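Chains as they are written, first to last, in full-length UniProt numbering: chain A, 1 to 109; chain B, 1 to 120; chain C, 1 to 98; chain D, 1 to 161; chain E, 1 to 747; chain F, 1 to 500; chain G, 1 to 133.
In short, the hints are calculated from the structure, not lab data. Just so you know, not all the hints are guaranteed correct.
Cut-off 20 angstroms, straight-line C-alpha distance, at most; resulting in silico cross-link-like pairs (EDC-like, lysine to aspartate or glutamate) [unchecked claim]:
hint	chain 1	residue 1	chain 2	residue 2
1	F	423	E	688
2	E	742	F	482
3	F	435	E	523
4	F	423	E	278
5	D	72	D	102
Label pairs and their computed distance ranges (CB to CB) [what the hints assert, rightly or not]:
hint	chain 1	residue 1	chain 2	residue 2	range
6	G	85	F	34	17 to 27 angstroms
7	A	59	D	67	19 to 29 angstroms
8	E	137	F	412	46 to 56 angstroms
9	G	79	D	36	40 to 50 angstroms
10	G	57	A	70	24 to 34 angstroms
11	F	412	E	650	41 to 51 angstroms
12	F	52	E	250	49 to 59 angstroms
13	D	68	G	79	33 to 43 angstroms
14	F	48	E	137	23 to 33 angstroms
15	D	94	A	28	19 to 29 angstroms
16	G	85	D	101	25 to 35 angstroms
17	G	57	D	94	53 to 63 angstroms
18	F	27	E	685	32 to 42 angstroms
Among the chain G residues that face chain D by a calculated CB cut under 8 angstroms, a handful are [said to hold, decoys possible]:
hint	residue
19	4
20	5
21	15
22	16
The model shown is predicted, which means the values in this text are computed figures rather than measured ones. All C-beta atoms in this analysis are idealised placements derived from N, C-alpha and C, irrespective of residue type, glycine included.
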Amino acid sequence: MTEILTAILALLAGGFALVAAIGILRFPDALTRMHASSKVGSLAGSLALLAAAVDIGGVSAASRALIAILFLLMTAPIGAHLLGRAAAWRSGQKPDLLIRPSDRGKPGP
Amino acid sequence: METLVACLAGFLVSMAIWLMLSGNLMRFLFGLLLLSNGVNLAILAAGRLTPGAPPLLGASGALPPDTMANALPQALLLTAIVIGFGLFAFALALTIRAYRSFGHLEVDRMRSAEPAEDRR
Amino acid sequence: MTPFDIMQASITLALVMVGIAISIGFVRLAKGPSLADRVVALDMMTTAVIGVCGLYAVRTESEAFLDIAVALALVSFLSVVALARYAERLARRSDSDD
Amino acid sequence: MKLLSINVFLALAWSALWNGFSLPNLLAGFVIGYCALWFARDLIAQGDERRYFRALPQTLVLIAYFIKELVKSSIMVARDCIAPRPNLHPAIVRMPLDGQSDAEIFLLASLITLTPGTLTLDVAEDRSALLVHSIYATDEAALVADLKSGMERRIGKVFRP
Amino acid sequence: MLDGASDGAGRMLGYAASILAALILVGMALMAPAVVDDRPVLFALDWAPSLGISLAFMVDGLSLIFGLLISGIGSLIFLYATGYMGDHPQFGRFVLFLFAFMVSMLGLVLARDLITLFLFWELTSITSYLLIGFDHDNPRARRNALQAMLVTAGGGLALLAGFILIGTAAGGYDLAQILTGPGLQDSSLYGPILVLVLLGAFTKSAQFPFHFWLPNAMAAPTPVSAYLHSATMVKAGVYLLARLHPALGGTLAWSVALTTAGAITAVLASVLAMRQSDLKQALAYTTLMALGTITMLLAGAHPYALTAAVTFLIVHSLYKASLFMVVGAVDHGTGTREVAQLGGLGRAMPLTALAAVLACASMAGLPPMIGWIGKELIYAGAETMTGAPLVAAAAVAANALMFAVAGIIALRPFFGAPITTPHHPHEAPWQMLAGPVILALGGLVVGVLAQPLLGSVIGSALTGSLLQDRAAGLHLWAGFNRAFVLSLLTFTLGIMLYLMRARFAALVDPVLRRLPSLDDGWDRVLDGLRVLAAWQTRMLQTGRLTAYLMAVFAVVALALGLTIIRGRPEIAVELPRSAFLWLTAIFTAAGAVLALNTHSRIAAIAGIGTVGIGVAVIFIYAGAPDVATTQLMVETLSAVMFAIAALRLPGITERRSPRRQMAHGVVAVTTGLCVTVIILSVTASPLDRSITSYFEENSYALAHGLNIVNVVLVDFRAFDTFGELIVVLLASFGAYAVLKRKRKAGP
Amino acid sequence: MSWVLALPILIPFMTAVLAFLLRGSRMGDLASVAGAVASLGVAVLLVGVVLDRGVVAGQVGGWQAPYGITLVADHLSAAMVLITAIIGLAVAVWSLAEIGPESSRLGYHALFQSLLGGVTGAFLTGDLFNLYVWFEVLLISSFGLLVIGGRKQAIDGAVKYVTLNLIATVLFLAGAGLLYGATGTLNMADLRGAVAASPDQGLMTLIAMMLMVAFGMKAAVFPLFFWLPASYHTPHYAVSAVFAGLLTKVGVYALMRVFTLIFVGDIGYTHEILLWVSLLTMLTGVLGAAAQSDFRKILSFHIISQIGYMVLGLALMTPLAVMGAVFYLLHHIIVKTNLFLIAGVSRRLTGSSDLYAIGGLYRSAPLLAALFIIPAFSLAGFPPLSGFWAKFVIVRASLDLGEWLVAGVALLVGLLTIFSMTKIWAEAFWKAHPKGRQPALADLPQSARWQMMVPIVALAVMTVAIGAFPSAFLDFATKGAEQLLDPAAYVAAVLGEARR
Amino acid sequence: MNSLILSVGARFLTGLFLLFSLFVLLRGHNSPGGGFIGGLIGAAGFVLYSFAAGVEDARRALRVDPRAIGVWGMAIAVLSGLASALASLDPFTGLWLILEDLALSTVLVFDIGVYLAVFGAILTLVFALEETV
């Protein structure tokens, strides 16, 4: 039974990874591509780890897998945020929100 | 399996040398990283590749039934990787300093140490 | 075909899929065009490697590979941060390198 | 926090009593410890600390909600990834914030990033708003409302009494 | 500290050296009876026994003659030098060098071991170098010192090789054994030995074609010229020829080589001597003539020739040292050494004049000076030699010219009408007179009492050292023989030459001027060397790193490629079936290709990141979690550091020309192929896994660890790890230093 | 037993720690000197043990030979360790006068001591991979030392030094890894048997070539020496002195070790290559020196030509020749270091290292002049200085083999060495200072004078002593050569009767 | 790099990195990990912190010059190697103190030395790079 569950999880992981990759390839700009990466990618990784946890069983395996998932989910958004901000800067979209009060009034970079 | 890794290692070495010869210090650094990777692969392959089983013993030191991956080259590799990293780090710092000193990274134009021949 | 065989086969399949995913990610990495695109692709590739770790843990029945996943989750984040910082500063300098 | 640590300690103690730190043991210990603490709340927890008893279930609710959203979002994005003609409406929207604490904003920003088609780009300097990028921003107002009622409300329940 | 000459300390040093030398002279003299009785004095210390080398000395007849000359003349020279230049600020140093030279020279002639001999041989070169360059502010002096040094040291090196070969051929470096043992003439190494030894001897004794350094060496202060470059050091080569005569002499090659070199040197030098207007230069050339004559005589194998050589050596030392000192005294007294500017000094400098006349008489070979006996013996000896007529002709020509030169030196400055000189002429102090006068008188005394004073010693040299059965007698009157006739002929010719010296000069000058000047040749050789060196350095040490790298990689490619072609190691090819592995390999390789992208830094670093990831995946595949983790961490940190650094670095452009790219590509691909082949060859045969098995079996049992890799790292091979942590730490130190160090101005 | 082998390696690192923690203060400098003294003591002890017992081996971590890392000292290793300690002490003292507080704070002493530790480790280890590690230690410390002076020139030099040396280490690493893959062992004594027993000798030669190129680069042989003249004249003088003395010698040592102990299966090929390489090295080095007009550059090029002699000794592979190489190695370290130290003093006194911009040392600094003569003429091979014996033995060894060309080149190079040395002498010492300066030792502060001159005098005395009393040293070198050419004792000491 | 999200995240992620690194260090003998990996992860945490809060703050949070940390690591490694002298064993021989499940050893001390050295080295490098203008 666990084998089948593992197999399903693994295939899902593979599928999501593939999908994420395709998304990254096809989406039109950096910001949209990030949606594929930070969500689908994380999910794929998490599913693979979950598959390992299910298959191996035991506290230590499960806890490691969960910790890995936790780290993955915790770090991904921060990275995405920084990257998104950079990409926004890059693509010339500089909403007022992004400009710090201290920068206001100064000539643009 | 070794064959593929060997080819890959050779390929990486080729690319690395090509980069190192390009005359730009930054590309030399890239070459250095590739070269380290190539050589690491070579060492791995030299220790023979055993897919799977990492060299970990079961509880109470039980040997697993199948052959484990060769632990010794792995230890060597670890050492080599870390050393390679140290060297890369230094080279990077040197590159920055060289850029500050010379204003460019073209190694062939860095000629303040030599040549200066006998003027007589 | 026992469940075990099914599992093995699906792991192999999943690995190949992840492998293809990484390769596709690489295409984006190579194409760019902007720095952010490359970093996104690199991030995706690292995440895929986390998946590889998980799948390998299953295949070899060894927890050892999960440790790689943990470490990788942490540090890949670091590289994304560093590269994003780089990208942002570069953008502010409006330095058109990449 | 104090109560959480006591609870964790109780879970460990429970597992130790049962001679094994297996996952079920630990979970059971945690649940039993939680109940025990709840019964003894008058003895050990005063005033604000009692928030723990509400925060913990709320956290579980949040986690469940988040996992649901994560899967949903992923499937949505995944569909668009492979769809022959992706249905994308990217835009940047400004989402005003109610919560003010760092942890709250951080959590909110993170969860927004992880949910369907949205991505936190930045926080306003005065913490009054989040800047969110969405790929499904057909209706920006609806999007903001959705975010506020979904994620922000649930996080607020965890953090605020 | 040695230079505190101004307060007289230098002079005291000079006197002390003189007395010391005199004591050595006495010591040598005291050994004479024993030596004459054919009981050579021996002394030996083990030096390098494993090489068969000892620090061995002996006093036999030949050594004794040289020893007496060296210490005796040395003593007088020190005295002379004290008078001549006692006020010089560096006189202390001068005395030191000169004394060191004397000791070296003594060591050279007393050595019984070839290597000991060589030691002192080289020491004389060094001290001579320092003495010639004594006037070190003068570029000419420096140049001439260098010339003397290089010529004699170069010869010395040839000599060393020759000695080594002698040692090999004779089975040891002990002179006694070499000389008395079976002759080297039959050894297969005789040819090379002869060439090398002659090279050494000829350079040291300034034989043609190496004669050019000697006149230049006269840049040294006069006491040095008198001592080193006439009386002693230049005799070292002759001494060596005499010393090795029993072992190497007697062959046709020997006699032809010595005769030719000696004769040419003698004649050429005496012709050149006629042309010199500087007295010191004239003397320098006559020294060459004497050395040539001795060399020529040593070509012979008959006691007469050899007796003549030894005798003439003594003769020459006596008069030549005396004359140099005279010239020094003249220079000192008048401020010039130019013949044309001197005249009628006899009145102002009577003692100097006396010494000059006596010494020149000896030089001219007039009876009853010892010079006469020497000349007679030369002619007698010449008869016994191969090619006697030619030898005799050369000897006559040289001697006649010498006669004329002697006339010039003895007569022109001291007699005739006084000529105004830069200084008002005055007699030299007593220290400077003692030497020339004593030596000149000595020439007279030993001339008159030749046989009683010198006979036994020379006899001992002939029989004991040169291993002849007898020596020729030393007689003022040896009967009316062919030698006597030749002497008369010499005088006649000499007088004619003296009288017609101007016409003679006019005759030979054009010829001589057309001869290539070896001195200029020397400069050209040195210039050529410099040009060659500069060219080579320009070619190799270009300062272009790319060229260096290219050379290095080309060497790698060549070394490996050729060895592969030569050794044909076995290889095994077996492709994997895992699609995942193939994919990994492909994207890794693609990452490397991306890194070649010329413009985008980030694309390059991303490409390298991809390679890092791919390699890590291969590590995972191969069951190496620790390595994979480390690899990923290191890759990440590298990328992080690069991202920080890239902000401070410029973009990249490819600047190579297509041709260069081609060459680089060839080298790169060859090397890569070689690496692949080596790996395939290594993996073709099974691995001896015994060490790994040991680790697997004992990792838990003995080292209490389940992770074998970690156990290897921290226990089995902890020392590697220790070194590794130091590397990482020091790398950070170095990077810190390179980044934080403030820039230092200037070189 | 293993402690006397391990301590020479560990003491420098302990000193490095101490010196770093006390950095910037006088105590830090003194700690460095004290550590050097301690190293010297242990090194003397080690030599004593080796003289007493022959080859000694010790296992690090107590793991039996092919499994753990073995430290071995035969005569050659022990002597090298001793010389390293001597040079370390001399330069540590000398550094006191040159190294300013900034370099000191940046970790000069720690880097310096680590360099010594790395060098010592390389000499003592009996394990090929461990040798690689120590190579890296000394390399990375040398990187740090090279740039610590902060001159622009030094950065240029360092770029060349670093890039080229990195390639060498990577090559070494690859060679070591592949050799393991081919033989299954890394212990050098064990490798001897394993390499000889290998069925694929072609492969063995191939790996031998990899290592030859790697070590050759470290040793700065033709045509791999470019990094040396590009960088050695750029750092602090103390640094270039210790580089000149020790760094290339580690490469030579490694060549000698590996090509006598491990790769002796195809001498006709490998050693023939070494022979030609050595000849070209001698010639190019000495000609390079002839083209230079900078004190340190001349000396740098001479390192190369002298390396040629050492490699030549190895290439000829007769007992006498190897003995000559060993002797050369030992003598040259002392002499070369001393010459660089003297160059440092000269620079300090005259204000430049350009020979045409300096002068007058002979007149006003006679002591320095006298001290220059000794190593300079020793380098040129004049008796009775140490260099004579080195050259004598090498020349004799080549003549014994009938290698006329080799002997001729060796002698010619000796002559050209004289040319360079006398050039320095004439320009820096004899000639008057072009700016009329009177450079006298008395110009130095009292403490600096002592710190600079005592090491120079000590090294000069050693040069003379070795030359004047060569017997013990020659015997020592002979013994060392015997051990190299017949490594039975070495193998037995390392492996015991355990394997093979 | 002025980001609220990053600085909040970094605050606890740094702690998490450090915690995880110690975990990796301590159990390295039995499962993948050890001083190197631990040191790298720990340093990564502080690098992150320096990104979020600036190098100045990171140095202050560290309290000690990272070079000194590295040197202490080296010192600890040497001392663990010397410790076996007390038991008259070969240098770097592991000394074990095994109490039931808890195993203390000089080998672990050595690994701690490695950890500190790597930690200090990486921080030295990154901080120096960051501070370069």
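Hint check:
At most 20 angstroms may separate the alpha-carbon atoms for a hinted pair to count; residue 423 (chain F) and residue 688 (chain E) exceed this at roughly 57 angstroms. Proposed proximity of residue 742 (chain E) and residue 482 (chain F) is contradicted: the alpha carbons are some 51 angstroms apart, above 20 angstroms. Of the pairs offered as hints, the one joining residue 435 (chain F) and residue 523 (chain E) is violated, with about 28 angstroms between alpha carbons and a cut-off of 20 angstroms exceeded. The suggested pairing of residue 423 (chain F) with residue 278 (chain E) is violated, with an alpha-carbon distance near 29 angstroms, which exceeds 20 angstroms.
Taking the CA atoms of residue 72 (chain D) and residue 102 (chain D), the gap is near 27 angstroms; set against the 20 angstroms cutoff, the hint is violated. Remark: the range hint 17 to 27 angstroms for residue 85 (chain G) to residue 34 (chain F) is upheld by a beta-carbon distance near 20 angstroms. Residue 59 (chain A) and residue 67 (chain D) have their C-beta atoms about 21 angstroms apart, which keeps the hinted 19 to 29 angstroms range intact. About 31 angstroms separates the C-beta atoms of residue 137 (chain E) and residue 412 (chain F), a value inconsistent with the hinted range of 46 to 56 angstroms.
In this structure, residue 79 (chain G) and residue 36 (chain D) meet the distance hint of 40 to 50 angstroms, their C-beta atoms being roughly 48 angstroms apart. With their beta carbons about 26 angstroms apart, residue 57 (chain G) and residue 70 (chain A) fall inside the hinted range of 24 to 34 angstroms. The hinted range of 41 to 51 angstroms is satisfied by residue 412 (chain F) and residue 650 (chain E), whose Cβ atoms lie roughly 48 angstroms apart. In this structure the supplied range 49 to 59 angstroms holds for residue 52 (chain F) paired with residue 250 (chain E), their Cβ-Cβ distance being about 53 angstroms.
Against the hinted window of 33 to 43 angstroms, the Cβ-Cβ separation of residue 68 (chain D) and residue 79 (chain G) comes to about 55 angstroms, which falls outside the hint. A hinted range of 23 to 33 angstroms is violated for the C-beta pair residue 48 (chain F) and residue 137 (chain E), which are about 51 angstroms apart. For residue 94 (chain D) and residue 28 (chain A), the Cβ-Cβ distance of about 22 angstroms falls inside the hinted range of 19 to 29 angstroms, so the restraint holds. The given range of 25 to 35 angstroms is broken by residue 85 (chain G) and residue 101 (chain D), whose C-beta atoms sit roughly 56 angstroms from each other.
Taking the beta carbon of each, residue 57 (chain G) and residue 94 (chain D) are about 30 angstroms apart, not inside 53 to 63 angstroms as hinted. Range check, residue 27 (chain F) to residue 685 (chain E): Cβ separation about 57 angstroms, and the 32 to 42 angstroms hint is violated. This hint holds: residue 4 (chain G) has a C-beta 5 angstroms from the nearest C-beta of chain D, less than the 8 angstroms allowed. Interface restraint check for residue 5 (chain G): the shortest CB-CB distance to chain D comes to about 5 angstroms, inside 8 angstroms, so the restraint holds.
A distance limit of 8 angstroms between C-beta atoms decides the matter here; for residue 15 (chain G) the minimum to chain D is near 14 angstroms, and the interface restraint is violated. Hint status for residue 16 (chain G) relative to chain D: violated, with the closest Cβ pair at about 14 angstroms, above 8 angstroms.
The earlier numbered hints that this structure contradicts are 1, 2, 3, 4, 5, 8, 13, 14, 16, 17, 18, 21 and 22.
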